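Here is how the chains run, residue by residue.
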Amino acid sequence: MRKHLLPLSLIMILAMLFSACVPAAPAQPVAEAPAEEAPAVEEGPAVDELNILWAQWDPADYLQQTADLYEEETGIKVNVVQEPWPSFYDLFAAEVAAGGDTWDMVVGDSQWIGQMTSEGHYMDLTDFLNETGLADSVVPATLTYYGEYPAGSGSYWAYPTEGDADGWGYRKDLFEDPDEMAAFEAEYGYPLDVPETYEQFMDIAKFFTRPSEGLYGVGIYTKKAYDAITMGVENTMFPWGADWKDENNNVLGVVNSPEAVAALEYYKELYDCCQGPGLSDAFFTEVNDAMINGSIAMAMNYFAFFPALVNSGTNPDYYDKIGFFANPKGPDGHGGAALGGQGLSVVSHVSPERQQAALDFIEWFGQDDIQAKWAEFGGYTTNSKVFESEEFLNATPYNRAFADTMTFVKDFWNIPIFGQLLEITQREFGKYIIEGEGTAQEAMDTIAEEHDKILRDAGYITE
Amino acid sequence: MSVAQTQTGTPQVQQERRRRGLSDRAIISLFIWPTLILLIAWNVFPLFYSLFLSFTDYSAISRQAPTWVGVQNYIDILSSDRLWGYFSTTGRYTVVAVGFETILGFTLAMLIKEKFRGSGLITTLILIPMMLSPVVVGLFWKLMYNPTFGYFNYLLGFTDPTRAPDMLAGRFANQPVPDLALWSVVLVDIWMWTPFLMLLSLSGLKAIPEYLYEAAVIDRASSWFQFWRITLPQVMPLLLIGVLFRTIDALKSFDLVMGMTSGGPGDQTELIAVNLYRQAFLGQFRTGDASALAYIILIIIISVSNLLIRAINQGNTEG
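Same order as they appear, the protein sequences are chains Y and X. If you're matching positions, the first sequence starts at 1 in the numbering used here and goes up one per residue. If you're matching positions, the second sequence starts at 1 in the numbering used here and goes up one per residue.
It is worth saying that the hints were derived from the structure and are not from the lab. A couple of the hints might just be wrong.
[What the hints assert, rightly or not] In silico lysine-lysine, DSBU-like type, Cα no more than 30 Å apart, as pairs:
| no. | chain 1 | residue 1 | chain 2 | residue 2 |
| --- | --- | --- | --- | --- |
| 1 | Y | Lys453 | Y | Lys410 |
| 2 | Y | Lys268 | Y | Lys329 |
| 3 | Y | Lys385 | Y | Lys410 |
| 4 | Y | Lys321 | X | Lys142 |
| 5 | Y | Lys410 | Y | Lys268 |
| 6 | Y | Lys329 | Y | Lys245 |
| 7 | X | Lys142 | Y | Lys206 |
| 8 | Y | Lys245 | Y | Lys453 |
| 9 | X | Lys142 | Y | Lys268 |
These numbers come from a predicted model, not from an experiment.
Next comes chain Y alone, as it looks inside the complex (with noise of 0.2 Å):
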């Protein structure tokens, strides 16, 4: 008997861990039920720390700096967590899926939102927003793309926090130089200025490209990590007309249209013509280097990573040479540029006391007047008092281009799988434009015909 004990215990032991391994039901979203009446305390609130994971950017030390406003207040004390890019996601992805609650709060990506909200670990925040007045206090676009969940559903799952959008940083020194001005209006027969359209665009990336001086046209978004390419080549696909779906989540004859097509084509042509070298692995650190170091004339960029363009710090040859703009319209006169950006998010595993303390904090900062601090410090606001003040208009080199573009801009599926949907594009487009093999038209029927399947899959189109 005592020979077989071993192994027993072993086996009872697996069994055990195995039990306690299968995941729980999905927890009931605490928010919806009725707050109990707790007994008033007087020595203080009964949450005095809460923490908001963020991105490791900039823009996170500003939300700190807001949130310490936060903490002379009312005496709560608000940090701001940041954890590196790459990471980020798959951090916060780790610590809800366990049903965790290190984080009260979280500024998730716009792409998170379908995933987090069906699997039930966002809180929803529909009523909340709508009686506090917030939902009406921020641009609508911003509440569409970082807060609702499905588009269209009126339901709220994040107050719209950083808006972003791409845009593009130029050398003002090269754009404004007498000689360059001349040099380029007797070649292309049209005055050297920010280009308006992707025609003109192209023609100032071909100007300045000149190898032997070591200076290019462009820095533009290849890496095959996480969306990066993706999102740089929307920034053609749009003001192209092109999209990734139609209105009934149809992708075939959509993703691999005319339109589409042509657009993916001109980021080749701009990626083989201008891009800068090294540039074949880049994302947003890699084009902000190669603005830094004068390698190229411009640099395509989220509105959130400029501020290091314009730091002497950060730039010190070129901080006051850098000027921006919105990203050039299409062959046909449209807009449009990727979304970036994020909302903020009360996470539903932690506790109703926290809960409260997350939203009191959320309705606390979407006030005019924080929002105004927010913006000041150097946050991207979405609050629409403010987002349309000359105050904050002019408040950074960048702001207004930043305005212009969030009046056009337009987001990649934001559903549960969108991830495998990312997972093609970014290899196809990478297949295409920097390996050079197939064609455009093969790369964007590869991509719908992949979306289709995987989306019919998923429940997503049903005709």
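Position chain X relative to chain Y; hints supplied.
Relative to chain Y, chain X alone:
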């Protein structure tokens, strides 16, 4: 023995019990069980649990219980041309990297096996690459490969970036070159891990008894004969152990590739471990599929390792 005696026990029995309580066996159990439980919790259990998950449709982020799908995940993987492509890329990466590392490592060991002035310093310098973190090495070489300011092109004699190779973009003079990015990463792997094979070869070479060579000289054996019949067979077991370690490591290469190319451009450097990570995380969280893929990789690694271990054992028996 009376009942009363059994219940309370005489002082002698109590002393015996106390002694039994402190027996070696009890102490051994006391130390082993916590360790065993920790091992089960952290190693054995995840192994079996992931095996279970590999037969389910499950996403770690979903908080939905796994749904049993049998061997469907394995069928999907084994019938996917794309995944076979990633296996093929990994195989080429492994064969070329480990092959070159073995030849170069052994050659270097032959060159520095004799003591000479500064040999200790040179050996230490050669060993530095394998002591660095793969992520650091990846970023370091990414800069080295930069077609504008990187040393790599400069050393090759290219000063015009438009006519130079852009190794990680898989282009030469702006024209696509098939698999150039893959071989660029392989080159870094070789740079990093050749010292490991060199170190093992060196220890093997230094362990060869001198009398074997003395006997060969007396028999007027040629240098080639000495190398072929004494040096190589003596070093071979250690060399094969090195090949075994490196093969296992190369088959699951991840950090170096992620640091340099993220698996791109396109699928050029998408090794199977990189794809596994992409399926398991990065927005997809297809835990069931990823678990199945992980087990297939494990089976392949065990199979390849067994072949090499068999070769090592065979060599030892013959030796």
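Honestly, which of those hints from before does the structure not fit? Going through the list in order, the structure violates no hint and respects every one.
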